[in-house]
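Line order of the protein sequences matches chains A and B.
Here the first sequence is numbered in numbering that gives the first Met the number 0, starting from 0 and rising by one per residue.
Here the second sequence is numbered in numbering that gives the first Met the number 0, starting from 0 and rising by one per residue.
The reader is advised that the hints may include incorrect statements.
Mimicking DSS-like on lysine-lysine, the simulated pairs with C-alpha atoms at most 27 Å apart in a straight line are [to be verified]:
#: 1; chain 1: A; residue 1: 11; chain 2: B; residue 2: 140
#: 2; chain 1: A; residue 1: 334; chain 2: A; residue 2: 382
#: 3; chain 1: B; residue 1: 117; chain 2: A; residue 2: 306
#: 4; chain 1: A; residue 1: 17; chain 2: B; residue 2: 140
#: 5; chain 1: A; residue 1: 11; chain 2: B; residue 2: 117
#: 6; chain 1: A; residue 1: 17; chain 2: B; residue 2: 138
#: 7; chain 1: A; residue 1: 11; chain 2: A; residue 2: 382
It should be emphasised that the hints constitute simulated quantities derived from the structure, not laboratory data.
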Amino acid sequence: MSIFESLELAVKNIVSSKTRTFLTMLGIIIGVAAVILIEGLGNGLKGYVTDSFSDLGTNTLNVTVQSRGATRQLSVDDMYDIVSENSGYLDLCSPTVSMPGQVKIGSDTVSTTSVSGVSEDYFTIYGREIAQGRRLQYSDIAGRAKVCVIGAYLDQAYFGGNSVGQTLRVGGQSLTVVGVLTQKDDDLEESGSDDCLYLPYSTAARLTGTVSAYVITVKDEEQVKQSVSVLESALYEVFASDDYYNVTSMSEMVETMTSMINILVGILAGIAAISLVVGGIGIMNIMLVSVTERTREIGIRKSLGAKERYIMQQFVIEAACTSALGGVLGILLGKGLSTVASQVASSLMDASLNVSPTMSAVALAFGISVGIGILFGYLPAKKAARLNPIDALHYD
Amino acid sequence: MRALIEFKDVCKYYQMGDTVVKAADGISFQIFEGEFVAIVGQSGSGKSTCMNIIGCLDVPTSGTYLLDGRDVGGMNRDELAEIRNELLGFIFQQYNLLPKLNLAENVEVPMMYAGVPKAERRQRALAALDVVGLREKYKHKPSELSGGQQQRVSIARALVGEPSLILADEPTGALDSRTGREVLAILQDLHRQGHTIVLITHDNSIAVQAQRIIRLEDGHVIYDGPADAPEAVVTPKAAGTGEEAAV
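Excised from the complex, chain B in its bound form (with noise of 0.2 Å):
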């Protein structure tokens, strides 16, 4: 297998007043095609930083990182604008679809900046939203959908550049239990068929439904392995107590 993402001691500073803030301090890790992996931890772990280094929205400060095997340290911003449509698709807390733009033209948006033939565009996005079951409201606005709905639309707006990478942060927080849940059997579904899916999460009910956990803590991994360990949902500092640990 192929490493899709390389980490190699990647840091990211910020300058707050006069301290140095380290969101993420030298992590290193790599995640292969294929694989379904949760980025784990608490507000201030570092996981956000992550999300946005991996999803070429942010630059590390120092180490490497290699997506596809190509250094995105070293891009300018229209750089990573490109590879963040060619190989990346958003699923986000916030649903974010636009809200004066109906589905279809939602799913569209990501094509357009790719250059795809307006009547292509539109086949391509109904497909798309055939797969999450959204067909038939193509023409609704987002306002018009529940929650779980609106999650489905920003699924299949993520799908429909057929990105190597899905990344999806926080996809459940916004929805309850019963709609997360359908959510997260889409991934898993879409994982089943090959893609390449990276949740971040701070729930570990959430994170345990992945193939594979990395958890942060103040800038650093702790722990990276199967998701079905017991030490996978354990944090040094709650073991014994078990509250974490409730899954």
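Chain A extracted, bound-state conformation (with noise of 0.2 Å):
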């Protein structure tokens, strides 16, 4: 008797007792379609973690310089030296003056508008474009030019899309609009991307005082971590001492949250994994269930002939059927939840993210399923093929 044979009396039964199977395989159904579900909502927050930060710029290093107690300074102009000594790794660099504060266009005061003091680069780096006017130049930093190029939002809803020329103030200094940004975000916000404004560092520098914060691209996407350690070390020969900066990259940031969430996913999809062992019972307790139901059977078969080790195939085999049905219905069901999820996380939370499992996920269900059947399957089918051929044709 083949293993084909066996199969298609597992299927003979199965399809005969549709309720009891459905209700059989339940456990794993929801089992392999919770693990896939937290699998493909794992990989839809990864991606949405890299695409929000490949935004900010994956090749891009953060630089902050924390002066006071030490004694020795690095002046911005240090800063350029460094990245020229450095230009295999280095690539363009900004200071970037975050200015507390509001700005206030005419008699109206706006409180929520990022300013920050920037090198001419900044809008390279960062890929903005301008939409009227002019960039900030190197002219406007070495004269210290009361300029600045401010967001779309600015422009639409306090110069009505006029402003270039048009001077508005920041921390009592009057600033004249010299361009105006792209618009970034598909809506104007108030604090969106657009809800922003950028003037020369050194203008800035003057009115808080020192350059602490810098952004620095790197030559090359693949070699981030090596770029990191040579701006390090050469902090590290200006102030002989680690404690006075701090150098992050966006990509080690991702690396970060991405692998918090794998940890995340791994956490949720074991607890999950526990619903696919109660499966595995309830597959176990049924098929022994089915044993006691059919021991005429058995002693039927054992009597025309069938050996031990045909009954223990067929149930073998009639158990892992039934698991790997429901590991297959586990699959779509979880797949569909996936594409619900998706829709409901873009309508919730105005967020593209999408839920997708990866196949690798989805085997592995399916595989594991197929085990727990045979792992389970196999203590009712070693009962049925011990069973007294005698005892089992007399049974009623």
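Once you've looked at the hints, go ahead and assemble the two chains, each given alone in its own frame, into the complex.
Printed below as a string of structure tokens:
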């Protein structure tokens, strides 16, 4: 008797008791669906994180310098020197001076705008384009020009799209608008990416005091780690201590977030996998009942010449088929729920979260469910195979 | 003639609590190829034990049982299963057909375990159903048939593997007397065609349809001889009352 014939028998038996089979495999269905959904959610989350960080530039390094208390200081020129000395790894550099406080436009006061002092390269680093007017230029920086470039939100909301040449005030300093950035977000909103104002860092530094943060791009995205260590060792040379500076890279942050999501997904999937085990026990339970119910059938088969391994094979395959079918239904359910979750996430969170389980997770879930069927089918099958044919024939 | 079945001092003891039940206590006989033998006895006489041992469903506690020259006593469960499949055809009182399978599939079961290819199996199953006159109904389920028809299917199933021995355990026990006679007639036909048949029954009127009777009582053989001899149907205890002799 071949495996295929056992398979045929198993399928017949499963088909002949649909309700029971369905209830038997419910645990497996739920377990597999949960594992797949969680894995898919994890993937979606990772994709979302990667996407939103790559907007910020995965090729950028953020450097903060805390000079207070240090015996040595790092000027902006020193930093530019470091970058040009390591031009094999480092590319563009811009100081970033973030300024607290409000923007005053005529009689209006805007407190949501992010105001930063930057260099002329800042817009290249973040890929911001100019829609009207011009960017900041080196001469603005050098001359501490009282000019600024503003985001589309300020332009539209306070200047009616006609801001170039107008003035506004930041921290008591009057600035002339020389350019407007192209719109970035779909909608113009307060606190959005377009609610921003950039002025020369030299101008900003005069208002706030020091320059303590920089954004630097790396030449090669594949060499972020090396670039970080090059930069760190250059800074160490300056301060002779690593207490006064901090270099972070976006891609490192993405890595950290991704590994955190992985751990979270692992834990959740592990919890979901418990229900697979419970499902397996359910299958074992029903198979044991089924062995008792079919005692007479087993006796008949044995009297007609079925060896123990054929009986065993028949029951194990039946259990494996039941759980495999459960696995397939679970995969379909999990896929369906993933689609629903994607849509719910996009509509609720206003962010595109693409919940998509990987093929390997699907294959693994299926493999585990078949394995569970075989594992938990073994005991009942053994019991069936061991039945004494005489007793089995006279069983009612 | 060659002895197909040889019982030499076969004993089967069961432990029931503290007492030992001697279900078979030194039974010896031979059954030859082509014979039609009835093993008769009341319940508790040891005929079921005999049937189980002859059918290789059980092995003797002591003594030897040779089936077709092979010693069954030392075989393991899988070897017994193989012997049953190869040499024996069972007909049971309760028919013992598998309710979820149709008639053809039921008849195919022993061939499936013998490893006969699928196409040949179906062909042989239909031929066997033809012998018992149920070929047209091969797609039906056993539950759609009368008792007599079901028993005929089980005869087809017993025949299909071309066994050396057909072992019928109370084949008419669940049937009314008319269909019982039909089933017996089939067995007699098979006997005439050269099959060896062992019929186990408690009913003398059935037993006398055989050629030879082996009567058991309390685990012993008390008669072994032709079915048409008067003493074949008279138990020593019942002798003189005439009740048991009524045929």
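Taken at face value, is the distance from the CA of residue 140 (chain B) to the CA of residue 11 (chain A) at most 27 Å? Judged against 27 Å, a Cα distance of about 14 Å means the pair holds.
Given the hinted pair residue 11 (chain A) and residue 382 (chain A), is their Cα-Cα distance within 27 Å? Holds - the C-alpha atoms of residue 382 (chain A) and residue 11 (chain A) are around 21 Å apart, at most 27 Å.
Do the alpha carbons of residue 17 (chain A) and residue 140 (chain B) lie within 27 Å of each other, as the hint requires? It holds: about 19 Å lies between the C-alpha atoms, which stays within 27 Å.
Under the criterion that the straight-line Cα-Cα distance not exceed 27 Å, is the pair residue 117 (chain B), residue 306 (chain A) satisfied? Roughly 19 Å between the alpha carbons, so the hint for residue 117 (chain B) and residue 306 (chain A) holds.
Is the hinted pair residue 17 (chain A) and residue 138 (chain B) satisfied, with a Cα-Cα distance of at most 27 Å? 22 Å, holds
Take a quick look at whether residue 334 (chain A) and residue 382 (chain A) sit within 27 Å of each other, Cα to Cα. 37 Å, violated
Restraint check for residue 11 (chain A) with residue 117 (chain B), where alpha carbons must lie at most 27 Å apart: At roughly 17 Å apart (the allowed maximum being 27 Å), residue 117 (chain B) and residue 11 (chain A) satisfy the hint.
Of the hints listed earlier, the one the structure fails to meet is number 2.
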